[in-house]
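Work the whole structure out from these sequences, hints included.
Those letters in the sequence shown? Residues 1 to 322, per full-length UniProt numbering, in order.
Since the hints were derived computationally from the structure, they do not count as laboratory data.
Please note that the accuracy of each hint is not assured.
Claimed, not checked - If you anchor each label on the Cβ, the simulated ranges turn out as follows:
(1) 183 <-> 38: 24 to 34 Å
(2) 117 <-> 281: 21 to 31 Å
(3) 306 <-> 96: 26 to 36 Å
(4) 310 <-> 13: 45 to 55 Å
(5) 214 <-> 30: 33 to 43 Å
(6) 291 <-> 233: 43 to 53 Å
All residues carry an ideal CB built from backbone N, CA and C; glycine is no exception.
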Amino acid sequence: MESLKPLTLFGESILAGESKTISMEIAKLHTMNKLKVPIIIERSKVPGPTVLFSAGLHGDEINGTETVRQMIIKKLNKPKRGTIICIPIINIFGFVNQTREFPDKRDLNRVFPGSKGGSLASRFAYYIVKEILPNVDYVIDFHAGGAQRFNAPQIRIEQGKSELKELAEVFHAPFTLYSKNISGSFRNTCDKLGVKMLLFEGGKSLDLNDDITNEALQGSKRFLEHLDMLNPKKKASKPPHSSIYIQKSNWIRAKYSGMFHGIAQIGSFVKKGDILATISDPYGKVEHNVKSPNNGYLINVNHTPFVYQGDAIFHITTSLDT
1 MESLKPLTLF
11 GESILAGESK
21 TISMEIAKLH
31 TMNKLKVPII
41 IERSKVPGPT
51 VLFSAGLHGD
61 EINGTETVRQ
71 MIIKKLNKPK
81 RGTIICIPII
91 NIFGFVNQTR
101 EFPDKRDLNR
111 VFPGSKGGSL
121 ASRFAYYIVK
131 EILPNVDYVI
141 DFHAGGAQRF
151 NAPQIRIEQG
161 KSELKELAEV
171 FHAPFTLYSK
181 NISGSFRNTC
191 DKLGVKMLLF
201 EGGKSLDLND
211 DITNEALQGS
221 KRFLEHLDML
231 NPKKKASKPP
241 HSSIYIQKSN
251 WIRAKYSGMF
261 HGIAQIGSFV
271 KKGDILATIS
281 DPYGKVEHNV
291 KSPNNGYLIN
301 VNHTPFVYQG
311 DAIFHITTSL
321 DT
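Structural data, given as structure tokens:
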């Protein structure tokens, strides 16, 4: 819980009640042009927690960037109390190049807590950990499915963390997936530093989806309302659905290469033996059915028109937390 003392980020002070945008500049483009990461800070005059809303850790996952952008234009980032920090794009290099990784081909979400003298991605991780996280109590980090794999809106938390489960229930995404923290990830570093993080997954890379954005915004409003930080002029809606808690899930992989024709819809419940898709040759001679191996919810659907044998095409739940 913060006091009314100034908040200092990258050498700049932000006073209680102040709005300020500062820039994180770690490295330039190879053309030597500056490339800055804007950090938007809104502080109330009333003491309270500090919440970070971040996106674009992977540069091609732009739906999270749109979510944080809308939080800013809708003034959801102006807190009733405490401080809200918004970083719409962390991996600015990947965003410019429309790629997941940094120019050094490293995944930023695998190099935390980073190194001051390491790779470009590692340096970004280092300064996020050194300059930002010490000031933060809570994080909601927005992600999307990689490539053409579309994620149903979901919150991911580590099992056995009671406070995270409570916050996930408050956010109330359609699905909550228990998943272990991965070494080198932003989430794992937050956990080690005592910062409470919810990781939101929804949609796919290089795609904007209004339904996913709305789920993320409504959940974030409920989250802020729970912390008594939501601007009184804004209203948090009651969730229109129950949240399904997922203990275990498996990938269904293509048994054949060919043209992929998806049938089953994202988020739907399917039964064992249901036809989920077909895989065919281009010449009208062969068509294979993809059948569900078990009863479960589809939390990821591949939207690609072509698959190779072994490609992940559906992510299906195998065990629910009842």
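Here is what the structure says about each hint:
Between residue 183 and residue 38 the beta carbon distance is about 29 Å. The supplied range of 24 to 34 Å therefore holds. Separation of residue 117 from residue 281 is about 52 Å and departs from the stated range, judged on CB atoms against 21 to 31 Å. One distance hint, 26 to 36 Å for the beta-carbon pair residue 306 and residue 96, holds here, with the actual separation near 28 Å. For the pair residue 310 and residue 13, the supplied restraint of 45 to 55 Å holds, since their beta-carbon distance comes to about 53 Å.
Range check, residue 214 to residue 30: about 38 Å between beta-carbon atoms, so the 33 to 43 Å window is met. About 51 Å separates the C-beta atoms of residue 291 and residue 233, a value consistent with the hinted range of 43 to 53 Å.
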